[in-house]
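Q: Chains as they are written, first to last, in the numbering used here: chain A, 1 to 68; chain V, 1 to 388.
None of these hints come from the bench; they were simulated from the model. All values reported here derive from a predicted model rather than from experimental measurement. There's no promise every hint is true.
[What the hints assert, rightly or not] Distance condition first, Cα-Cα at most 30 Å in a straight line; then the derived DSSO-like pairs of lysine-lysine:
1) V:K69 x V:K331
2) V:K262 x A:K28
3) V:K166 x V:K262
4) V:K120 x V:K2
5) V:K323 x V:K166
6) V:K262 x V:K330
7) A:K37 x V:K120
8) V:K69 x V:K80
9) V:K262 x V:K51
10) V:K308 x V:K373
11) V:K210 x V:K51
12) V:K373 x V:K341
13) V:K207 x V:K69
14) V:K2 x A:K28
15) A:K28 x V:K166
16) V:K120 x V:K166
17) V:K120 x A:K28
18) V:K2 x V:K341
19) V:K323 x V:K88
20) V:K131 x A:K28
21) A:K37 x V:K131
22) V:K323 x V:K262
23) V:K308 x A:K37
24) V:K120 x V:K311
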Amino acid sequence: MAVRIDHGRCCSCGGCVAVCPRGALELKALYVIVNEKLCNDCALCLRACPVGAILPEAPGIRRNDEIR
Amino acid sequence: MKYVDVLVAGAGPAGSQAALTVAQAGYSVALLEKRPEVGQPVRCAEGVSEKWLLKHTGVEKTWIDAEVKGAVLRSPDGNKAVMEYAEKGYILNRARFDRYLAWRAADSGAFLLTCAAVTKIDPCEEFFIVKTQHSTHQEIRATLLILADGIESRLAPQLGIPTVLKPHDIEFCLQYTLGGIAYDEGYVEMIGGNEIAPGGYAWIFPKGEKKANVGLGLLGGRSLPGLNAQFFLDRFVARRFPDASIIRTVAGAVSASEPLNKMCGEGFMIVGDAARLANPLTGAGIGNALESGTLAGQTAVRALAAGKRNKEFLEDYQHDLMKSVGHVSKKFYRIKEPFVKFSDTDINRMIQVASQIDPSRMTVAGLLEAAFKENKAVLSLIRKAFFS
Ligand SMILES: Cc1cc2nc3c(=O)[nH]c(=O)nc-3n(C[C@H](O)[C@H](O)[C@H](O)COP(=O)(O)OP(=O)(O)OC[C@H]3O[C@@H](n4cnc5c(N)ncnc54)[C@H](O)[C@@H]3O)c2cc1C
Ligand code: SF4
Ligand code: SF4
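Build the full structure now, drawing on both the sequences and the hints.
A: What follows is the structure, encoded as structure tokens:
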């Protein structure tokens with residue numbers, strides 16, 4: 001499992017990238033992406049995000065379910 | 001494949017300044033920016049002392065929103081102390097400022113590319129092969145590299161320099177630019193208190209025309225889901241400016257750490273926020289970004305002239321930087337530790353004592369002395385840090 005970024009909320013501050021101990025996050029031009037293979041759910045990024053844009057991946061829900 | 005003497009990754013103030021310095025000396029330089037528009041979205045409260053502008057950029061009306069002559073420091077119990085700055089301060093329009101700096105570098109001969117994130121760096125014997133996400137320039141060869149990729153820096157680790165920040169070494173911030181509000185013209189205001197901004201402070205930076213940047217920062221380790229910067233800022237704004245329009249939202253993170261131990265290596269240098277150069281107590285980083293960009297640019301020019309790119313040669317940059325601004329950040333870091341542990345009673349007392357000081361004589365050192373009046377150990381640290 002890995003954290004999930006709510007791209008509607010992310011304001012692309014880059015702070016989460018700076019604290020991720022696994023190098024699992026990357027700030028693209030305007031939003032953050034998660035490398036699921038690297039994330040170990042330590043939740044450091046999730047606690048710190050100033051706008052609550054990082055969410056724990058809910059078990060059993062696929063990534064793009066909410067887009068439908 | 002394009003070949004340049006210097007490739008600069010990131011067109012913030014640090015990167016643009018580095019590129020300008022190299023271009024002005026007649027060497028070829030590429031300035032690569034990940035975002036579609038340099039400077040946007042803004043991640044800053046936009047305050048800067050005139051001294052940095054006079055030294056590096058000049059002062060252009062087009063990117064100045066307001067002038068300030070001092071700071072009002074407010075405690076949780078509402079008391080205030082006033083500090084008159086020795087030098088004038090400005091509240092910038094950072095979007096225009098950053099764009100001005102990048103375009104100025106381009107006008108001086110730098111090859112500026114937007115939508116050009118640097119993704120991978122392959123070190124070779126005499127140069128680097130830099131991979132980018134630009135549509136046409138996907139690979140660029142460069143003799144020297146200057147990494148100016150900001151707080152979200154991921155490039156230095158590729159060259160063996162770790163940049164990950166511990167949660168207690170970073171402030172997570174949120175800021176609203178509010179419209180239609182009243183405040184002290186000519187003064188920035190900073191408000192302390194654990195109920196207001198745990199491990200950080202709230203600020204009001206006037207932008208003119210009844211607009212102001214109102215924001216706060218939380219120490220990373222003190223932020224929690226639901227009790228994050230947004231929660232504290234919404235509460236602060238609801239109390240102080242209940243009817244204001246929110247005309248811009250700015251999220252940002254700023255390091256509250258010591259500068260990187262190693263800011264250079266074989267063929268490369270690290271500048272600005274990527275080198276963790278922001279002031280660990282105040283979060284001010286524009287001045288240090290400009291200074292480090294210029295110094296790295298100058299070192300690059302000397303290295304190219306001498307045909308050198310080894311680590312020992314480039315260490316000049318780190319040496320010059322620590323001498324000019326790096327040592328100040330180091331000192332502030334030692335004071336930050338006890339400072340973030342302050343209780344609201346401590347802050348109330350500090351402002352109470354500081355409110356007795358003549359505003360034109362109050363300095364940061366004086367304020368800190370007031371803060372740690374009863375803590376002999378920290379007091380001697382401050383005296384050592386500032387007066388020796
Ligand atoms: C909320 C907040 C308030 C602040 N307030 C103040 C203040 O009032 N006064 C002050 O002095 N400082 C302030 N700061 C700090 C200041 O904003 C920074 O120190 C300053 O912007 C650092 O400049 P820089 O050039 O190093 O980095 P940035 O300005 O962050 O520029 C880095 C650039 O690199 C680009 N980039 C990143 N990765 C790549 C890549 N892989 N390839 C290509 N490009 C890349 C980014 O898109 C960005 O444009 C504040 C910071 C925050 C977060
Ligand atoms: S900390 Fe939050 S707002 Fe900032 S880049 Fe990460 S997800 Fe986006
Ligand atoms: S949960 Fe931990 S490992 Fe996963 S992205 Fe966030 S900080 Fe990185």
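Q: Confirm or reject each hint.
A: Hint by hint, here is what the structure shows:
Distance restraint check for V:K69 and V:K331: the Cα-Cα separation of roughly 25 Å lies within the 30 Å cut-off, and the hinted pair is therefore satisfied. Of the supplied pair hints, the one linking V:K262 and A:K28 holds, its CA atoms being roughly 26 Å apart against a limit of 30 Å. Proximity of V:K166 to V:K262 is assessed by CA-CA distance (about 17 Å); at most 30 Å being required, the pair is judged to hold. Only pairs whose Cα atoms come within 30 Å are accepted, and V:K120 paired with V:K2 is accepted, the gap being roughly 16 Å.
Distance hint between V:K323 and V:K166 is fulfilled; the C-alpha atoms sit about 25 Å from each other, no more than 30 Å. The suggested pairing of V:K262 with V:K330 holds, with an alpha-carbon distance near 14 Å, which does not exceed 30 Å. A distance of roughly 19 Å separates the Cα atoms of A:K37 and V:K120; the hinted pair therefore holds under the 30 Å criterion. Of the pairs offered as hints, the one joining V:K69 and V:K80 holds, with about 16 Å between alpha carbons and a cut-off of 30 Å not exceeded.
Between the alpha carbons of V:K262 and V:K51 the distance comes to roughly 27 Å, so the proposed pair stays at or under 30 Å and holds. Using a Cα cut-off of 30 Å, the hinted pair V:K308 and V:K373 is violated, with the two alpha carbons roughly 51 Å apart. Simply put, V:K210 and V:K51 have alpha-carbon atoms about 26 Å apart, close enough for the 30 Å limit, and the pair holds. A C-alpha spacing of about 15 Å is found between V:K373 and V:K341, which places the hinted pair at or below 30 Å, so the restraint holds.
As the CA atoms of V:K207 and V:K69 are separated by approximately 13 Å, the hinted pair is consistent with the 30 Å bound. Note on V:K2 and A:K28: the hinted pairing holds, with a Cα-Cα distance of about 24 Å set against a maximum of 30 Å. Taking the CA atoms of A:K28 and V:K166, the gap is about 22 Å. The hint holds against a cut of 30 Å. Taken as a hint, the V:K120 and V:K166 pair is honoured in the structure, with Cα atoms around 25 Å apart against an allowance of 30 Å.
A hinted pair counts as satisfied when its Cα atoms are at most 30 Å apart, and V:K120 with A:K28 qualifies at roughly 14 Å. For the suggested pair V:K2 and V:K341, the alpha carbons sit about 52 Å apart, so the restraint of at most 30 Å is broken. With a C-alpha separation of about 24 Å, the suggested pairing of V:K323 with V:K88 holds against the 30 Å cut-off. Annotation: proposed proximity of V:K131 to A:K28 holds, straight-line Cα distance about 15 Å (limit 30 Å).
Proposed proximity of A:K37 and V:K131 is supported: the alpha carbons are some 22 Å apart, at most 30 Å. Taking the CA atoms of V:K323 and V:K262, the gap is about 15 Å. The hint holds against a cut of 30 Å. Among the hinted pairs, V:K308 with A:K37 is inconsistent with the structure: their alpha-carbon atoms are about 40 Å apart, more than 30 Å. With a C-alpha separation of about 20 Å, the suggested pairing of V:K120 with V:K311 holds against the 30 Å cut-off.
Hints 10, 18 and 23, counting from the list given before, are not met by this structure.
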